[in-house]
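J.: Here's the letter readout for the chains.
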Amino acid sequence: MFRSVSRYCLPLLLPVMLATTPRVQAVEQAAEFLPSSTVLYAEMAKPAKTIEALLQHSIADKVRDHEAYQQATKTPQYHQFQMGLKFVEAQLGMKWLEAVHEMTDGGVTLAVDAKTEGVALIFKTASSESLETLKTKVMQFARQDAKNKGNGDPYEEHEYRGHTVYKADKVVFTTNEEWLLIANKPDLGRHLLDGLLDGPQNSLMDQTNFQTAYKSSKNKIAWGYTNLEMIRNSGIANKVFSGKADNPGLEVILGGVLEILPQAAYVTAALDGLPENLQLTVALPFQPDWISESREYYFGPNAQGSVTSVRTTAEPLISLSVYRNLSEIWLRAGDLFNAEINDGFAKADATLTTLFSGKDFGEDILASLSPELQLVIARQNFSAGHPSPEIKLPGFALVTRMKDVEHTRPEFRRIFMSFIGFLNVVAGSEEGRAQLDLDLESFESGEIISTRFVPLAGSKPYEQTNISYNFTPSVAFQDDLFILSSSSELARGLLSSQEQSMKDGSDTQKDSRINLALNLTASGIRRTLEDNREHLIAQNMLEKGHSREEAEGEIGIIFEVLKLVESAGLRVLTTDKTFEAQLKLSFSE
Amino acid sequence: MINITQLDPAQAWSLYQPESPDGWTLRQAAHLYRRGGFSANREQLEQALTLNPGEAVHQLLNSAEESVSQYETLAKTMLATGNANNLSAWWMYRLLQTADPLREKMTIFWHGHFATSAEKVTDPQLMYHQNQLLRSNALEDFGSLLHDISRDPAMLLYLDSATNRKAHPNENFAREIMELFCLGEGNYTEQDIRELARCFTGWEVRANRFRFNRYQHDKGEKNIFGQSGEFDGDAGVDLVLAHPAGPEFICRKLVKFLVVDEPVPSVDLIAPLARQFRENGLQIGPIVERILSSKLFFSNDAIGRKIRSPIEFSVGLLQSLEVTTNYFELSKRLADLGQKLFFPPNVKGWDGGRTWVNSSTLLARANLVQDLLDREETRFAGGGMTDLCDKHELHRPTEIVDWLQTMLLADELSPEVRSGLVRELESGTDPRERRLRQVVYLMCTLPEFQLG
Numbered sequence: 000m001f002r003s004v005s006r007y008c009l010p011l012l013l014p015v016m017l018a019t020t021p022r023v024q025a026v027e028q029a030a031e032f033l034p035s036s037t038v039l040y041a042e043m044a045k046p047a048k049t050i051e052a053l054l055q056h057s058i059a060d061k062v063r064d065h066e067a068y069q070q071a072t073k074t075p076q077y078h079q080f081q082m083g084l085k086f087v088e089a090q091l092g093m094k095w096l097e098a099v100h101e102m103t104d105g106g107v108t109l110a111v112d113a114k115t116e117g118v119a120l121i122f123k124t125a126s127s128e129s130l131e132t133l134k135t136k137v138m139q140f141a142r143q144d145a146k147n148k149g150n151g152d153p154y155e156e157h158e159y160r161g162h163t164v165y166k167a168d169k170v171v172f173t174t175n176e177e178w179l180l181i182a183n184k185p186d187l188g189r190h191l192l193d194g195l196l197d198g199p200q201n202s203l204m205d206q207t208n209f210q211t212a213y214k215s216s217k218n219k220i221a222w223g224y225t226n227l228e229m230i231r232n233s234g235i236a237n238k239v240f241s242g243k244a245d246n247p248g249l250e251v252i253l254g255g256v257l258e259i260l261p262q263a264a265y266v267t268a269a270l271d272g273l274p275e276n277l278q279l280t281v282a283l284p285f286q287p288d289w290i291s292e293s294r295e296y297y298f299g300p301n302a303q304g305s306v307t308s309v310r311t312t313a314e315p316l317i318s319l320s321v322y323r324n325l326s327e328i329w330l331r332a333g334d335l336f337n338a339e340i341n342d343g344f345a346k347a348d349a350t351l352t353t354l355f356s357g358k359d360f361g362e363d364i365l366a367s368l369s370p371e372l373q374l375v376i377a378r379q380n381f382s383a384g385h386p387s388p389e390i391k392l393p394g395f396a397l398v399t400r401m402k403d404v405e406h407t408r409p410e411f412r413r414i415f416m417s418f419i420g421f422l423n424v425v426a427g428s429e430e431g432r433a434q435l436d437l438d439l440e441s442f443e444s445g446e447i448i449s450t451r452f453v454p455l456a457g458s459k460p461y462e463q464t465n466i467s468y469n470f471t472p473s474v475a476f477q478d479d480l481f482i483l484s485s486s487s488e489l490a491r492g493l494l495s496s497q498e499q500s501m502k503d504g505s506d507t508q509k510d511s512r513i514n515l516a517l518n519l520t521a522s523g524i525r526r527t528l529e530d531n532r533e534h535l536i537a538q539n540m541l542e543k544g545h546s547r548e549e550a551e552g553e554i555g556i557i558f559e560v561l562k563l564v565e566s567a568g569l570r571v572l573t574t575d576k577t578f579e580a581q582l583k584l585s586f587s588e
Numbered sequence: 000m001i002n003i004t005q006l007d008p009a010q011a012w013s014l015y016q017p018e019s020p021d022g023w024t025l026r027q028a029a030h031l032y033r034r035g036g037f038s039a040n041r042e043q044l045e046q047a048l049t050l051n052p053g054e055a056v057h058q059l060l061n062s063a064e065e066s067v068s069q070y071e072t073l074a075k076t077m078l079a080t081g082n083a084n085n086l087s088a089w090w091m092y093r094l095l096q097t098a099d100p101l102r103e104k105m106t107i108f109w110h111g112h113f114a115t116s117a118e119k120v121t122d123p124q125l126m127y128h129q130n131q132l133l134r135s136n137a138l139e140d141f142g143s144l145l146h147d148i149s150r151d152p153a154m155l156l157y158l159d160s161a162t163n164r165k166a167h168p169n170e171n172f173a174r175e176i177m178e179l180f181c182l183g184e185g186n187y188t189e190q191d192i193r194e195l196a197r198c199f200t201g202w203e204v205r206a207n208r209f210r211f212n213r214y215q216h217d218k219g220e221k222n223i224f225g226q227s228g229e230f231d232g233d234a235g236v237d238l239v240l241a242h243p244a245g246p247e248f249i250c251r252k253l254v255k256f257l258v259v260d261e262p263v264p265s266v267d268l269i270a271p272l273a274r275q276f277r278e279n280g281l282q283i284g285p286i287v288e289r290i291l292s293s294k295l296f297f298s299n300d301a302i303g304r305k306i307r308s309p310i311e312f313s314v315g316l317l318q319s320l321e322v323t324t325n326y327f328e329l330s331k332r333l334a335d336l337g338q339k340l341f342f343p344p345n346v347k348g349w350d351g352g353r354t355w356v357n358s359s360t361l362l363a364r365a366n367l368v369q370d371l372l373d374r375e376e377t378r379f380a381g382g383g384m385t386d387l388c389d390k391h392e393l394h395r396p397t398e399i400v401d402w403l404q405t406m407l408l409a410d411e412l413s414p415e416v417r418s419g420l421v422r423e424l425e426s427g428t429d430p431r432e433r434r435l436r437q438v439v440y441l442m443c444t445l446p447e448f449q450l451g
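So the sequences go chain by chain: A and B. Each step along the first sequence adds one to the number in numbering that gives the first Met the number 0, with nothing skipped, and position 224 is 223. Each step along the second sequence adds one to the number in numbering that gives the first Met the number 0, with nothing skipped, and position 107 is 106.
Calculated from the structure, these hints are not laboratory results. C-beta: ideal position from N, C-alpha, C; glycine also. Just so you know, not all the hints are guaranteed correct.
[Unchecked claim] Derived contacts from chain B toward chain A, CB cut-off under 8 Å, selection only:
no., residue
1, Ala-79
2, Gly-81
3, Trp-89
[Claimed, not checked] Computed footprint of chain A on chain B; a stretch qualifies when at least three of its residues, placed anywhere within it, have a C-beta under 8 Å from a C-beta of chain A:
no., stretch
4, 323-331
5, 365-379
[Unchecked claim] In silico lysine-lysine, DSS-like type, Cα no more than 25 Å apart, as pairs:
no., chain 1, residue 1, chain 2, residue 2
6, B, Lys-390, A, Lys-73
7, A, Lys-543, A, Lys-391
8, A, Lys-543, B, Lys-331
9, A, Lys-583, A, Lys-219
10, A, Lys-543, B, Lys-75
11, A, Lys-391, B, Lys-75
12, A, Lys-543, B, Lys-390
13, A, Lys-48, A, Lys-214
14, A, Lys-346, A, Lys-358
All chains, full assembly: derive it from the sequences and hints.
T.: Right, dumping it as structure tokens:
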């Protein structure tokens with residue numbers, strides 16, 4: 000173990016080596032001496048501070064207090080790890096976090112160079128002195144360890160421009176003042192040292208795109224940049240840049256990204272937000288005129304499409320607001336998909352047109368709905384005296400607006416009732432399947448056509464445990480608002496929330512920049528899983544061959560992990576210049 | 000050695016009493032557990048040796064009542080998925096964990112005897128209900144079992160007998176109860192089938208429940224097996240139960256299931272069992288006990304003379320080596336071997352015997368073992384094979400191979416094969432765990448392991 004520790008720690012500690020050659024121009028960033036042919040760049044400004052913040056975070060306290068963690072600390076593996084760590088600290092003469100701080104105070108950079116096909120790892124340490132100290136200790140230890148085992152010197156030494164360059168396995172490394180340079184290709188290593196000694200010349204930082212992108216790197220925990228243009232030109236991953244998904248599901252989710260990828264010069268990713276949350280932002284340059292007609296369904300006319308957030312129930316499990324013109328995607332299928340998928344669309348179109356009484360599904364039905372869609376998923380309450388399925392699924396509902404209420408509302412109402420009739424015929428043909436009864440519920444400003452199960456003759460509610468009892472399909476109307484829900488309870492909740500928000504004057508909120516907004520609440524997810532705890536345990540027992548106690552323990556850990564998180568969200572938005580996806584994870588108090 | 004074709008029936012079914020303490024061996028105890036269950040771990044075998052054969056069988060027959068609530072809870076959640084494949088995994092779990100292996104073994108016997116498939120009976124709840132019915136009657140009164148199964152919705156749906164009107168009596172159930180369930184071919188006439196079918200008129204399934212529709216019942220006089228009367232369905236079942244051919248038919252099937260596949264036992268050999276079965280009011284348990292404690296059962300004509308069914312093959316392996324694994328995958332793979340629980344191939348059930356093995360199923364057996372050994376979820380006594388060996392204090396390769404041989408095989412290995420397996424453990428650069436698993440794999444793919 001110690002041998003491997005020394006081998007891999009040594010390169011990290013080498014910045015101690017002092018260069019004698021004076022620098023031509025002070026270099027502050029690794030990007031200033033990385034080659035212009037760098038295709039991937041990632042940096043962490045203050046790794047030690049990030050680690051420290053994580054260790055001091057309330058979540059870390061909760062993890063440390065957790066029984067599973069306490070148990071893990073009693074295992075032989077943990078003790079072995081602790082012994083190894085203490086040994087390393089003794090060798091270095093400082094605590095490991097202090098060593099990380101010394102090694103990475105000026106930041107750590109990882110880069111991939113297209114020209115040499117090499118990977119570089121660059122450390123800017125706290126000072127040349129501390130780098131020298133650490134390097135000396137680790138190299139001494141590694142050499143002594145090799146000697147004790149009867150092996151030769153693990154490092155080859157070479158001279159280059161007055162600097163000692165070390166070679167260990169397939170890695171070369173050297174130091175200059177507070178910089179430690181590591182590369183897996185000698186050519187790349189030489190280029191880095193040349194750049195450092197000669198000062199910035201035709202470096203990554205000289206690239207206009209990088210300069211523009213780099214402005215977003217300030218105060219971030221970590222930041223990354225990928226040169227898409229270079230990747231495109233190399234012919235790698237042509238499929239990704241083809242602009243086509245050839246998969247309807249993927250198209251609806253990522254169609255916009257696929258439209259931008261063939262034209263964007265680069266993509267950046269930034270991580271920040273600690274300690275309250277963690278936020279990852281991925282951004283691509285964007286120009287509205289890049290959008291072709293076939294992808295107008297995704298961005299809207301002139302890329303101005305945006306979501307409307309309709310007020311939902313008190314605590315939805317998941318809510319998704321998205322701009323997608325479903326009619327357009329249906330009608331433009333010929334431009335977006337291959338022949339096989341289009342055949343599928345044609346068949347589906349024929350069937351749906353029949354179902355919708357001869358009305359054209361794309362032109363008449365989908366086109367009658369607003370492209371501002373909302374999907375709400377919420378936990379269901381299965382009250383006593385009613386069927387309570389053994390597997391309790393959350394209810395889900397599509398919320399949107401009708402363009403032509405006068406014509407669309409009666410049409411949807413009639414189609415829905417026919418659909419329930421069809422379901423009852425199917426259920427009737429199967430022994431033991433309960434049928435649905437329709438109810439018309441009037442609200443102050445709307446109506447719900449809800450359904451409820453007709454109890455099977457002689458059966459008690461506790462016997463009605465089939466998964467189908469999760470579904471009591473319903474539709475609700477309120478002015479131009481249209482709700483299609485898998486459960487009557489959710490439809491009622493959504494409609495009453497909507498009525499309340501109209502009274503409050505907070506009906507809808509439109510954000511002109513957001514194309515998609517997804518929110519997940521951990522407590523809701525936890526409660527839904529809690530409803531199904533028994534099923535999860537049974538599944539675990541049969542899937543992993545666990546005893547009940549083992550299964551309960553494993554499922555319990557999932558619940559504990561969920562307690563650490565409050566919510567998660569994804570927002571996809573466009574500005575005049577960028578297309579961004581923001582992923583945010585909020586921690587619980 | 001006893002030759003089954005020339006046996007004295009009285010001697011064959013008399014109680015096996017070893018002439019000396021050495022006459023009751025680990026091999027025989029393992030044989031008892033393989034046939035009266037699926038297998039046993041080392042502790043169970045050692046415990047069996049402290050009893051005499053008759054006591055060991057009696058103990059197997061009177062296993063401590065197990066707590067069924069955990070199985071019921073598991074079943075409930077699997078039923079909620081509406082997928083009978085999950086029910087199959089549930090039963091695999093129960094087979095592995097049960098404290099009453101003989102009852103489970105006999106439940107499988109009756110599952111094959113009163114074959115009903117989830118392929119056709121699409122509601123798993125009905126299949127589960129039938130399974131519980133078979134389990135609770137597995138070692139009890141055959142008459143009650145037959146009466147119950149006659150009204151079982153899953154059975155009636157499987158035999159297309161959900162509706163049976165007096166104008167058009169459905170002959171399916173009447174035919175099967177005579178041909179497959181109770182008497183066998185040649186013991187009834189087509190006229191008997193037609194008349195018995197009239198008895199069952201009005202027996203229907205509605206909303207997954209048995210219902211007697213008195214308006215559709217033919218109340219007229221019927222003539223069955225030479226007896227006349229206004230028989231209803233239950234009376235019809237009683238007539239079949241009273242037929243003299245019934246006990247021999249059932250006992251022959253039990254002997255085939257528990258003792259030998261081939262050759263077919265003679266009428267004379269079965270006669271003492273059939274007589275006892277009739278005289279004790281068709282009680283199943285005592286007949287099973289007599290078969291399992293007989294001289295014939297513990298003879299070399301029975302040990303290692305049956306081809307293991309896929310269930311015996313897989314559950315036997317798992318129990319012997321204290322294995323837990325992914326039961327969903329295991330039950331899925333059993334279909335490749337030709338025996339998936341809750342999915343018998345047809346109304347006759349599984350043929351068994353030589354039909355279990357052919358080039359395709361042998362390959363599937365080898366693949367199943369390999370998959371089990373490779374699978375991340377597979378654990379031996381909660382750890383790896385190394386842990387299992389440590390638990391049983393097995394250190395030297397010869398000890399390990401001999402131990403595995405006792406646990407897994409009915410017959411001894413040839414010296415060449417044994418030394419080959421020992422060499423496999425001794426040599427090689429693979430880690431010990433891998434070599435141990437390789438030896439288990441090699442042993443399970445031997446022809447000897449296919450016999451139980």
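J.: Compare the structure with each hint and give your call.
T.: To see whether the hints hold, each was checked on the structure:
With its C-beta approaching chain A no nearer than about 3 Å, B/Ala-79 sits inside the 8 Å limit, and its interface hint holds. Of the supplied interface hints, the one on B/Gly-81 holds, with its beta-carbon coming within about 6 Å of a beta-carbon of chain A, less than 8 Å. Interface hint at B/Trp-89: satisfied, since its Cβ lies 7 Å from the closest Cβ of chain A, which is below the 8 Å cut-off. Requiring three or more residues with a Cβ within less than 8 Å of a Cβ of chain A, the coverage given for the stretch 323-331 of chain B holds, as 5 such residues are present.
With a threshold of 8 Å between beta carbons, the proposed coverage of the stretch 365-379 of chain B by chain A holds, since 3 of its residues qualify and at least three are required. Simply put, B/Lys-390 and A/Lys-73 have alpha-carbon atoms about 22 Å apart, close enough for the 25 Å limit, and the pair holds. Between A/Lys-543 and A/Lys-391, the direct Cα distance comes to roughly 22 Å. Compliance with the 25 Å bound is thereby established for this hinted pair. Under the criterion of a C-alpha separation no larger than 25 Å, the hint pairing A/Lys-543 with B/Lys-331 is consistent with the structure, at around 15 Å.
Proposed proximity of A/Lys-583 and A/Lys-219 is supported: the alpha carbons are some 14 Å apart, at most 25 Å. For the suggested pair A/Lys-543 and B/Lys-75, the alpha carbons sit about 18 Å apart, so the restraint of at most 25 Å is met. A distance of roughly 13 Å separates the Cα atoms of A/Lys-391 and B/Lys-75; the hinted pair therefore holds under the 25 Å criterion. Our distance criterion of 25 Å between C-alpha atoms is met by A/Lys-543 and B/Lys-390, whose separation comes to about 22 Å.
Of the supplied pair hints, the one linking A/Lys-48 and A/Lys-214 holds, its CA atoms being roughly 22 Å apart against a limit of 25 Å. Distance hint between A/Lys-346 and A/Lys-358 is fulfilled; the C-alpha atoms sit about 15 Å from each other, no more than 25 Å.
The structure shown violates none of the earlier numbered hints.
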